[in-house]
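Could you build all of it, start to finish, from the sequences and the hints given here?
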Amino acid sequence: MHFTSSAVLVGGLAILPGALATRQHSPLPLAKLAARTDTSGVPRPNLGSVPYGTNVDRCSVPGKAAITFDDGPDIYTAELLDILAKNGVKATFFVTGDNGHSNRAISDPSGPYPGLFKRMHAEGHQIACHSWTHPYFTNISASQRAQEFLKLESVFVDILGFFPTYFRPPYTSFEGIEGDIAHFGYHNINFDLDTQDWKDDLAASRQIVTSTLAAKGPSGKSFLAILHEIHELSVTQLLQFVIDEARKYKYDLVTVGECLGDHPNNWYRDPATGGPWGGPPPPEKEKPKPASSSALSSAEVTTASSSEVKSTTSASESTPKGGSTTTPGVATTTGSAAVVKTSSKVESSTAGAATTTPAAKPNAGARVQGLSWVGGMLLALGAVVWH
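FYI, the numbering for the sequence shown is -21 to -1, 1 to 366, going by mature numbering (1 follows the signal peptide of the UniProt record, and there is no 0).
Some hints could be false.
Here are the simulated distance ranges between beta carbons [to be verified]:
| id | residue 1 | residue 2 | range |
| --- | --- | --- | --- |
| 1 | Pro243 | Gln219 | 25 to 35 Å |
| 2 | Thr33 | Gly253 | 14 to 24 Å |
| 3 | Pro24 | Thr189 | 34 to 44 Å |
| 4 | Glu102 | Gly42 | 20 to 30 Å |
| 5 | Arg226 | Ala251 | 39 to 49 Å |
Under the rule of at most 20 Å between Cα atoms (straight-line distance), these lysine-lysine pairs were calculated in the PhoX-like manner [as the list claims (entries may be wrong)]:
| id | residue 1 | residue 2 |
| --- | --- | --- |
| 6 | Lys227 | Lys195 |
| 7 | Lys229 | Lys200 |
| 8 | Lys227 | Lys65 |
| 9 | Lys227 | Lys69 |
| 10 | Lys69 | Lys229 |
| 11 | Lys69 | Lys200 |
If you are wondering where the hints come from, they were derived from the structure by calculation, not from laboratory data. Using N, Cα and C, we set each Cβ at its ideal position, and we do this for glycine too.
Structure below.
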């Protein structure tokens, strides 16, 4: 990113003068954080093809639809997650840090919210930024907007290890500060199906959903709906109605990132690099240790011994045939493997053709067999002489 010299530096990030709000207010009272991670110096390059800062109010992938929830987590969030799990639906949560609706700030490690954050992520939902205290972003100063981003990012990093690239301005108030949102590295997410559930009029909200989906027709189109998880009726009644109506028209209910065709790694930023979050690095596999020299020697000895026994047996079993004059069983080379080879060559020699070469000492079997053969020849000669 390149900034002009007139840019204002806020929390390590440059804010252009054109992005500043026209009205200035004193700093908002922000809840004390249990977390202490500082994300102000993290680089924020654009990730993926979804535009930054400019208004995004509809899905771009045909047949995909996204249900989003604002202002949580709250006392109904666990039940909401149960309903989504029962229906096999993935949703997107635009969360706040301390908006006055919860009995504890999400940064409170003794409260339920860190666990809910982890559950949302573990169950495949997308978690996005909705500011720390839910102010009108166009009515506060650049430094206050910076704190609204940075404080929530700090909690994200301490709980989940990353922070989001998706943002919905409170009250969808962003006119004139799109550049500010972009410089903080956020997609500016709006909606095209407003259930108006904040009015707590269930019948009216249902009618809005019914008429909107009927007008859109089959799932060749798409929609991006907003609900608020801080309203009991929205969780216990309206959510299931929206799911059923969407499925009647064959919509595939997914996260905002999916309905915009954005890779999941781009939904979050790595606080160490500012790049896409691909999850923690896998643990290094332990490399197999090479076999020790003693182990190899043992194996070689075993093989050699086995071969030697085999060659000895082979030599002792090779008996002379007819008038063969070959001297069997005499090894002409060293090494157990050669003993078998030599025996074979000796037996295939023509009668009377001595092919033995002085070499290794003959084994015991060969010696005994050789003596027996000599003895037989002497007896035969004696018989001839006698006659």
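Q: With a cut-off of 20 Å on the C-alpha distance, tell me whether Lys227 and Lys195 pass.
A: Since the Cα atoms of Lys227 and Lys195 sit roughly 13 Å apart, the hinted pair holds (cutoff 20 Å).
Q: Kindly confirm whether 14 to 24 Å is satisfied by the beta carbon distance between Thr33 and Gly253.
A: holds, 21 Å
Q | Range agreement (Cβ of Gly42 with Cβ of Glu102, hint 20 to 30 Å) | A | With Cβ atoms ~23 Å apart, the hint holds.
Q: For the pair supplied as a hint, Lys227 and Lys65, confirm whether the alpha-carbon distance does not exceed 20 Å.
A: Answer holds: Lys227 to Lys65 is near 17 Å, not above 20 Å.
Q. CB of Arg226 to CB of Ala251, is that within 39 to 49 Å?
A. Because 41 Å falls inside the window, the suggested range holds.
Q) Taken at face value, is the distance from the CA of Lys200 to the CA of Lys69 at most 20 Å? A) holds, 19 Å
**Q.** Range agreement (Cβ of Gln219 with Cβ of Pro243, hint 25 to 35 Å)
**A.** Since Pro243 and Gln219 have Cβ atoms about 26 Å apart, the given range 25 to 35 Å holds.
Q.
What's the verdict on Lys69 and Lys229, does the C-alpha distance respect the 20 Å limit or exceed it?
A. Measuring from Cα to Cα gives roughly 15 Å; hence the hint holds.
Q: Take a look at whether the Cβ-Cβ distance between Pro24 and Thr189 falls inside 34 to 44 Å.
A: holds, 42 Å
Q) Are the Cα atoms of Lys229 and Lys200 separated by 20 Å or less? A) holds, 10 Å
Q. Do the alpha carbons of Lys227 and Lys69 lie within 20 Å of each other, as the hint requires?
A. holds, 17 Å
In the structure shown, no violation is registered for any of the earlier numbered hints.
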